[in-house]
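*Asks:* Read top to bottom, the protein sequences are chains A and B.
For reference, each letter of the first sequence is one residue, going 1 to 332 in UniProt numbering.
For reference, each letter of the second sequence is one residue, going 1 to 332 in UniProt numbering.
Treat the hints as calculated values from the structure; they're not laboratory data.
Check each hint, because a few of them may be wrong.
Stated by the list, open to error - Below are the SDA-like pairs computed for lysine to any residue, each with C-alpha atoms no more than 25 Å apart in a straight line:
#, chain 1, residue 1, chain 2, residue 2
1, B, K119, A, H110
2, A, K119, B, G319
3, B, K119, A, R167
4, A, K119, B, C123
5, A, K119, B, H179
6, B, K119, A, D125
7, A, K119, B, L121
8, A, K268, A, A118
9, A, K119, B, N316
10, B, K119, A, A118
11, B, K119, A, R239
12, B, K119, A, K268
13, B, K119, A, R209
14, B, K119, A, A36
15, A, K119, B, E126
16, A, K119, B, E237
17, A, K119, B, G238
18, A, K119, B, G62
19, A, K119, B, A109
20, A, K119, B, R113
Predicted model only: the values in this text are computed from it and were never measured.
2 protein chains.
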Amino acid sequence: MTGAVELTEIWRADRVESLHLGHVVICKPGGEIVDAWGDPETVIYPRSSAKMIQALPLVESGAAEAAELGTEDLALACASHNGAAIHTERVTAWLDRLGLDDGDLRCGAHMPRDPAAAKVLTCSDEAPGQAHNNCSGKHAGFLTLTRHLGAGPEYLDLDHPVQVAVREAWEDVTGEAVHGWAVDGCSAPNFATSLHGLGRAMAFFAAARDGADTPREAAAARLRQAMAAHPELVAGEGRACTELMRAMGGGVAIKTGAEGVFVAMLPKQRLGVALKIADGATRASEAAIAAVLVRLGVLAADHPATRRFLDAPIVNCRGITTGHVRAAAALR
Amino acid sequence: MTGAVELTEIWRADRVESLHLGHVVICKPGGEIVDAWGDPETVIYPRSSAKMIQALPLVESGAAEAAELGTEDLALACASHNGAAIHTERVTAWLDRLGLDDGDLRCGAHMPRDPAAAKVLTCSDEAPGQAHNNCSGKHAGFLTLTRHLGAGPEYLDLDHPVQVAVREAWEDVTGEAVHGWAVDGCSAPNFATSLHGLGRAMAFFAAARDGADTPREAAAARLRQAMAAHPELVAGEGRACTELMRAMGGGVAIKTGAEGVFVAMLPKQRLGVALKIADGATRASEAAIAAVLVRLGVLAADHPATRRFLDAPIVNCRGITTGHVRAAAALR
Numbered sequence: 001m002t003g004a005v006e007l008t009e010i011w012r013a014d015r016v017e018s019l020h021l022g023h024v025v026i027c028k029p030g031g032e033i034v035d036a037w038g039d040p041e042t043v044i045y046p047r048s049s050a051k052m053i054q055a056l057p058l059v060e061s062g063a064a065e066a067a068e069l070g071t072e073d074l075a076l077a078c079a080s081h082n083g084a085a086i087h088t089e090r091v092t093a094w095l096d097r098l099g100l101d102d103g104d105l106r107c108g109a110h111m112p113r114d115p116a117a118a119k120v121l122t123c124s125d126e127a128p129g130q131a132h133n134n135c136s137g138k139h140a141g142f143l144t145l146t147r148h149l150g151a152g153p154e155y156l157d158l159d160h161p162v163q164v165a166v167r168e169a170w171e172d173v174t175g176e177a178v179h180g181w182a183v184d185g186c187s188a189p190n191f192a193t194s195l196h197g198l199g200r201a202m203a204f205f206a207a208a209r210d211g212a213d214t215p216r217e218a219a220a221a222r223l224r225q226a227m228a229a230h231p232e233l234v235a236g237e238g239r240a241c242t243e244l245m246r247a248m249g250g251g252v253a254i255k256t257g258a259e260g261v262f263v264a265m266l267p268k269q270r271l272g273v274a275l276k277i278a279d280g281a282t283r284a285s286e287a288a289i290a291a292v293l294v295r296l297g298v299l300a301a302d303h304p305a306t307r308r309f310l311d312a313p314i315v316n317c318r319g320i321t322t323g324h325v326r327a328a329a330a331l332r
Numbered sequence: 001m002t003g004a005v006e007l008t009e010i011w012r013a014d015r016v017e018s019l020h021l022g023h024v025v026i027c028k029p030g031g032e033i034v035d036a037w038g039d040p041e042t043v044i045y046p047r048s049s050a051k052m053i054q055a056l057p058l059v060e061s062g063a064a065e066a067a068e069l070g071t072e073d074l075a076l077a078c079a080s081h082n083g084a085a086i087h088t089e090r091v092t093a094w095l096d097r098l099g100l101d102d103g104d105l106r107c108g109a110h111m112p113r114d115p116a117a118a119k120v121l122t123c124s125d126e127a128p129g130q131a132h133n134n135c136s137g138k139h140a141g142f143l144t145l146t147r148h149l150g151a152g153p154e155y156l157d158l159d160h161p162v163q164v165a166v167r168e169a170w171e172d173v174t175g176e177a178v179h180g181w182a183v184d185g186c187s188a189p190n191f192a193t194s195l196h197g198l199g200r201a202m203a204f205f206a207a208a209r210d211g212a213d214t215p216r217e218a219a220a221a222r223l224r225q226a227m228a229a230h231p232e233l234v235a236g237e238g239r240a241c242t243e244l245m246r247a248m249g250g251g252v253a254i255k256t257g258a259e260g261v262f263v264a265m266l267p268k269q270r271l272g273v274a275l276k277i278a279d280g281a282t283r284a285s286e287a288a289i290a291a292v293l294v295r296l297g298v299l300a301a302d303h304p305a306t307r308r309f310l311d312a313p314i315v316n317c318r319g320i321t322t323g324h325v326r327a328a329a330a331l332r
């Protein structure tokens with residue numbers, strides 16, 4: 001985390017109340033760095049920002065096609081969703097088509113972020129299911145590949161064919177050997193990677209063409225397109241991934257990850273972006289990615305959704321705007 | 001925020017995933033610095049960590065005595081409470097004794113943090129009242145002083161006698177002129193202060209004696225003792241203020257503030273502590289204050305509550321410990 005630079009400021013009245021440091025890298029396919037802030041070689045856990053990498057084996061193996069997955073399912077495989085009905089019903093239907101159910105998932109259960117879904121569970125004293133887990137689409141993808149490979153049910157084990165395939169794809173698209181691994185919030189292995197490597201991977205996804213020569217490139221194109229086509233499935237109403245992808249009007253795919261990670265894939269520019277807030281703050285990663293997307297000309301600075309994240313008003317419970325979450329000048 | 005040093009580390013597997021920088025100062029009465037990390041002269045908004053300062057005029061004016069406030073009420077005046085029944089019922093009864101009601105508060109309403117109270121409101125589609133606001137005790141104190149002074153109802157105006165008295169007390173105990181002000185989450189003015197000044201104020205509270213010569217010192221002693229006597233009223237079940245004060249077995253009073261502020265008043269040692277996490281993270285301020293309290297010999301390192309904040313396990317939704325929130329070596 002050394003070498004982190006100021007990326008997001010929290011203003012209250014005329015003073016910076018809190019400050020978020022971090023690292024950003026913008027890459028071309030192959031990994032050439034176009035622009036960087038902080039230290040692009042810092043090693044991070046990409047967390048959920050790498051879900052499209054974890055979904056590559058699902059698609060390139062033919063498992064997705066064999067299971068007749070739609071673009072909605074592929075978007076969910078790359079999602080950290082709110083557990084709203086539009087998410088859980090699709091995941092449940094997907095498991096059903098595989099002849100599996102909620103109990104076959106290994107992501108664990110947590111209360112959905114979607115207020116309506118959480119209210120139903122809370123007020124009926126009902127426990128959330130694993131389909132409510134924000135990672136349930138990724139895990140449905142893991143189960144689909146497990147089925148396709150005829151592998152065992154413990155698909156999160158590091159030596160399970162699914163995770164072996166994920167790691168091979170991960171090291172290929174990042175262009176580096178993993179720097180170790182950790183257990184993620186959803187219990188899946190998450191591989192430590194340099195920010196530069198993650199940016200290189202995002203550039204690979206950005207530049208991936210339809211009808212590409214290699215199954216991996218074709219898979220990357222399909223996953224990127226599925227994310228951009230279904231912003232509401234990748235996160236949910238009000239979330240940065242969903243609102244900013246909507247504001248960019250398709251094409252560009254972006255994804256948040258826990259502990260202040262954000263990535264973007266810009267197909268027209270054939271550029272990949274990866275950023276990490278050193279202290280792990282989501283509010284800061286959202287402001288920083290919005291600034292980078294405006295800077296790269298794919299997000300309109302005057303779009304209401306842009307302002308909501310790039311220069312987000314802090315409004316207190318009497319409706320008074322007391323400050324702002326603001327991307328630092330260096331990114332503007 | 002320049003000069004901030006590493007105070008809290010977020011570990012995942014064998015790697016520091018995120019890092020929190022900040023500033024800490026330990027002061028004697030009068031402001032002599034005993035120990036410091038980072039820059040003690042950094043200017044911050046103390047936010048809710050200054051509630052005992054904002055409550056000084058309530059007590060020293062005689063308003064608290066005239067209204068027959070108990071130590072529970074004084075603890076609530078210094079609290080950022082969970083809006084549980086033990087909090088809201090006392091605040092409501094207090095307002096009732098003044099012949100006032102929820103509508104006289106100016107803190108605004110937000111959903112209580114207490115799960116049981118939030119569930120009742122959510123499942124009955126009932127909106128929270130202003131008494132549910134975590135600052136409602138502070139505001140009941142402001143209203144009590146307003147009544148005592150025969151002042152107007154808009155007690156949050158900067159030129160209202162209540163806020164004029166708060167500012168005079170604030171500048172006296174911090175030993176410095178305020179560096180401007182901002183509107184807090186509860187709409188009250190919050191005065192920018194150096195961390196050193198806040199630490200000096202906490203040392204004043206720490207050293208304040210019963211039956212002191214001055215009304216201000218007597219008020220400080222009563223407020224500190226009320227906080228230490230009622231940990232459950234200052235925050236709520238599971239909260240750092242409540243659990244750590246319980247673990248210290250009375251005497252020492254501590255208080256959190258938004259955006260990563262924490263303060264402590266150590267009467268036996270006659271020391272005041274103030275800390276600010278530069279990025280505003282509460283998880284980091286809780287680990288850091290626990291480390292400082294252990295270091296100063298008032299909190300047992302092996303107490304379960306200590307470990308919960310000093311070296312807090314990060315447990316995922318399948319019960320797997322994936323990492324730790326850990327105070328940095330510099331504080332241990």
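*Asks:* Each of the hints needs a verdict: does it hold here or not?
*Replies:* Verification of the hints:
| no. | hint | verdict |
| --- | --- | --- |
| 1 | B:K119 to A:H110 | holds, 17 Å |
| 2 | A:K119 to B:G319 | holds, 24 Å |
| 3 | B:K119 to A:R167 | violated, 43 Å |
| 4 | A:K119 to B:C123 | holds, 7 Å |
| 5 | A:K119 to B:H179 | violated, 44 Å |
| 6 | B:K119 to A:D125 | holds, 10 Å |
| 7 | A:K119 to B:L121 | holds, 11 Å |
| 8 | A:K268 to A:A118 | violated, 39 Å |
| 9 | A:K119 to B:N316 | holds, 22 Å |
| 10 | B:K119 to A:A118 | holds, 11 Å |
| 11 | B:K119 to A:R239 | holds, 24 Å |
| 12 | B:K119 to A:K268 | violated, 48 Å |
| 13 | B:K119 to A:R209 | violated, 49 Å |
| 14 | B:K119 to A:A36 | violated, 46 Å |
| 15 | A:K119 to B:E126 | holds, 13 Å |
| 16 | A:K119 to B:E237 | holds, 23 Å |
| 17 | A:K119 to B:G238 | holds, 23 Å |
| 18 | A:K119 to B:G62 | violated, 46 Å |
| 19 | A:K119 to B:A109 | holds, 20 Å |
| 20 | A:K119 to B:R113 | holds, 15 Å |
Consistency with the previously given hints fails for numbers 3, 5, 8, 12, 13, 14 and 18, ordered from lowest to highest.
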